[in-house]
Amino acid sequence: QIISLVTLINLMAAAYPIMPHHSCKIICELLACWGHSHRSLSDCKRNNRELCLTVLSLSTHAAAVALVFCGKRALEITKISNFDPDMTGHILRVEEQYQVLLAEIKQIL
2 QIISLVTLIN
12 LMAAAYPIMP
22 HHSCKIICEL
32 LACWGHSHRS
42 LSDCKRNNRE
52 LCLTVLSLST
62 HAAAVALVFC
72 GKRALEITKI
82 SNFDPDMTGH
92 ILRVEEQYQV
102 LLAEIKQIL
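Count along the sequence shown from 1, add 1, and you get the number used in this note's numbering.
To be clear, the hints were calculated from the coordinates, so they are not data collected in a lab.
It cannot be assumed that every hint is accurate.
What the hints assert, rightly or not - 25 Å max Cα-Cα, derived PhoX-like pairs, lysine-lysine:
| id | residue 1 | residue 2 |
| --- | --- | --- |
| 1 | Lys73 | Lys107 |
| 2 | Lys107 | Lys26 |
| 3 | Lys73 | Lys26 |
With the hints as extra help, turn the sequences into a complete structure.
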């Protein structure tokens, strides 16, 4: 899962110009991945707990990156979806932090 998420993040970065065209598919799958990771967290044994937390953190990061690259359409999907509001709220807060960071980088450049 970790390798898949890292690869997806790299692919999204490389293909950012066409990301809005695929925003629905990408964000829905990443939200499902996040939900699955969150559910699996309660089943993790002590040995695997750190791994489960890593996958959850990385899926949060991937979903937030997807929101940044996909734009307004992906944000609309998170608002009208049937996903857990706490989950989407958390991902949206991370995405807002990324937007602030991007704005600061643009000011520097």
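Hint-by-hint comparison with the structure:
no.: 1; hint: Lys73 / Lys107; in the structure: holds (19 Å)
no.: 2; hint: Lys107 / Lys26; in the structure: violated (29 Å)
no.: 3; hint: Lys73 / Lys26; in the structure: holds (14 Å)
Checked against the numbered hints listed earlier, the structure breaks hint 2 alone; every other hint is satisfied.
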